Amino acid sequence: MTVKLTASNLTFYYGATAAIKNVTLSVKSNTVLALIGPSGCGKSTFLRCINRMNDIIPNTRVEGDINIDNESIYHPRFNVTSLRRRVGMVFQKSNPFPKSIFENIAYGLKINGIKDKYEIESIVEKSLKSTALWDEVKDRLDESALGLSGGQQQRLCIARTIAVQPEVILMDEPASALDPISTQKIEELIQDLKKNYTIIIVTHNMQQAARVSDETAFFYLGDLIEINSTEKIFTKPDIEMTENYITGKFG
Amino acid sequence: MITHLEQELEAIKSKMFEMADLAIESIAKSVRALKDSDSHLAEQVIRDDSMLDDLEVEIDNECIRILVTRQPAAVHLRFVLAMLKINTDLERIGDLATNIANEAINLHGRPTLKPLVDIPRMADLAITMLRDVFTAITERKAEKAREIISRDRDIDTLNMQVYRELFTYMAENAHNISQALGLIMVSKALERIGDHITNIAERAIYYIEGVDIRHADE
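Protein sequence lines, in the order shown, are assigned to chains A and B. Counting from 1, position 1 in the first sequence corresponds to residue 1 in our numbering; the numbering is continuous, with no gaps. Counting from 1, position 34 in the second sequence corresponds to residue 34 in our numbering; the numbering is continuous, with no gaps.
Derived by calculation from the structure, the hints in this document are not laboratory data. The structure displayed is predicted, hence computed values, not measured ones. Some clues are possibly wrong.
[Said to hold, decoys possible] Think about it this way: if two alpha-carbon atoms lie no more than 25 angstroms apart in a straight line, the pair counts; the simulated DSS-like pairs of lysine-lysine are:
| # | chain 1 | residue 1 | chain 2 | residue 2 |
| --- | --- | --- | --- | --- |
| 1 | B | K85 | B | K141 |
| 2 | A | K249 | A | K21 |
| 3 | B | K85 | A | K232 |
| 4 | A | K236 | B | K85 |
| 5 | B | K35 | B | K188 |
| 6 | A | K232 | B | K141 |
| 7 | A | K195 | A | K232 |
| 8 | A | K232 | B | K13 |
| 9 | A | K138 | A | K110 |
| 10 | A | K129 | A | K194 |
[What the hints assert, rightly or not] So the derived list for chain B, only partly shown, Cβ under 8 angstroms to chain A, looks like this:
| # | residue |
| --- | --- |
| 11 | T3 |
| 12 | H4 |
| 13 | V68 |
| 14 | T69 |
| 15 | R70 |
| 16 | Q71 |
| 17 | L84 |
| 18 | K85 |
[As the list claims (entries may be wrong)] What follows is a list of derived Cβ distance ranges for each label pair:
| # | chain 1 | residue 1 | chain 2 | residue 2 | range |
| --- | --- | --- | --- | --- | --- |
| 19 | A | S149 | B | Q7 | 25 to 35 angstroms |
| 20 | A | T60 | B | I2 | 44 to 54 angstroms |
| 21 | A | D69 | B | R140 | 44 to 54 angstroms |
| 22 | B | F17 | A | G248 | 32 to 42 angstroms |
| 23 | B | Q7 | A | K129 | 15 to 25 angstroms |
| 24 | B | A74 | A | G150 | 24 to 34 angstroms |
| 25 | B | E10 | A | T17 | 28 to 38 angstroms |
| 26 | B | A73 | A | S149 | 22 to 32 angstroms |
| 27 | A | S72 | B | T138 | 52 to 62 angstroms |
Beta carbons are placed, not taken as given, at the ideal position from N, Cα and C, and that holds for glycine.
Model the full assembly from the supplied sequences, consistent with the hints where possible.
In structure tokens:
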């Protein structure tokens, strides 16, 4: 399996405080990496470094580097807009645009220069199908996306993300505001999506990490403590601190 | 819609069936080796036992992985727990078939005490029970599994009959003792195989109905 993304000695500062320290890890193509750890451990900060979302926060700076397909995304000449197209993101709270279901997906396509009506329709349908939402919404594509249930809105946001065909999808606690059935649907969806995308997911729910990911990285106070196959992390982690965390002995 | 978990459970089930086929083959071949005094066939049974051992480890690992990463619940959980145990029973059946094959090698080339009738019959009963218990698992029919358990008595009865008969041979002539003891070991192995199949049926009922019927009549 080829490596899709590599972080090398990545340190991120909010002012003088390092929120993540010297993190080195790599993510293989078409796999799911879960980032776990207690609140404030740096997992979300790390996730936001991958599409340079942290750039917009004042008084922050990055040391080290992240490469996607062996290309440095922090290189001065690197196009951040194209990065955000290549690296999609899904947030904890679903955030559909206050527009129709159709427009929510078509919008990203249009601003990416796709004008052909039939092409847009076909991508909308394909995106909704791949998030298992098509059958639920196909008769009301013109209705407001805000009328969908929370779980449906979140799947719509995932459909919107994949419509522009990113290579990497970042998910920041995508199911933490959802009921168990919607959560299960999102988790199943993640398993399906990894056939075509590389996924990095932050989750507070360790069981969820175990269910959806191939590899798990455990962060603590900004340090990457351990990264290993998910099965290994949850049966016999190499580091005692990881074992203590996943067995609930601290935090 | 079939979930990813269900696909993985289906894969475990296929492996378990593969293991059951190997176990059935081992029982049949070991007893045939004994009956036909075919030491080559007996050696093959001993060699092939490693395939059962490998599958046991493979299925165990897969079950552990699923418990950890899929956190199955209800019928899915019962299925994984049942598979973990059925796995061990099948591996033990393989070992017992190997014991029979070893006796076939020990007895090879010696004049037979008597034509073997009851021992092959015990093997046939065990093979049918084993086939049926896996059908019960596929069809999820607990009643069928219960009926299979009741058949174990037939194997036990034949075992006692074999014992009695062989004791007579031993009492008649001390030269018969070592050969008769060998056959007693074979009969005992088949009786134990029946017990393991009973265990499998009990675990099948646990999987299907969620009830534990072990030791119910003790």
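Hey, K35 (chain B) versus K188 (chain B), does the alpha-carbon distance stay inside 25 angstroms?
Holds, at roughly 16 angstroms.
Going by Cβ atoms only, is Q71 (chain B) closer than 8 angstroms to chain A?
Holds: closest Cβ of chain A sits about 6 angstroms from Q71 (chain B), inside 8 angstroms.
Taking 32 to 42 angstroms as the stated bounds, is the beta-carbon spacing between F17 (chain B) and G248 (chain A) within them?
38 angstroms, holds
Does the nearest C-beta of chain A fall within a distance shorter than 8 angstroms of the C-beta of T69 (chain B)?
Hint on T69 (chain B): holds, closest Cβ of chain A at ~5 angstroms, below 8 angstroms.
If you check the beta carbons of Q7 (chain B) and K129 (chain A), does the distance land in 15 to 25 angstroms?
Once the Cβ atoms are compared, 20 angstroms apart, the range 15 to 25 angstroms for K129 (chain A) and Q7 (chain B) holds.
Are the Cα positions of K195 (chain A) and K232 (chain A) separated by 25 angstroms at most?
22 angstroms, holds
Mind checking the alpha carbons of K85 (chain B) and K141 (chain B) for me, to see if they're no more than 25 angstroms apart?
This hinted pair holds, its Cα atoms lying about 19 angstroms apart.
Grab the minimum C-beta distance from R70 (chain B) to chain A and call the hint holds if it beats 8 angstroms, violated otherwise.
6 angstroms, holds
Chain A contact restraint on H4 (chain B) - CB to CB distance below 8 angstroms:
Check passed: Cβ of H4 (chain B) comes within 5 angstroms of chain A, closer than 8 angstroms.
Given pair status - K21 (chain A), K249 (chain A), alpha carbons within 25 angstroms
At roughly 24 angstroms apart (the allowed maximum being 25 angstroms), K21 (chain A) and K249 (chain A) satisfy the hint.
Please verify whether K138 (chain A) and K110 (chain A) have alpha carbons no more than 25 angstroms apart.
20 angstroms, holds
Holds or violated: K232 (chain A) with K141 (chain B), Cα cutoff 25 angstroms?
Given pair K232 (chain A), K141 (chain B) is violated - Cα atoms ~36 angstroms apart, limit 25 angstroms.
Violation of the numbered hints given earlier is confined to hints 6, 17, 18, 25; the remaining hints are satisfied by the structure.
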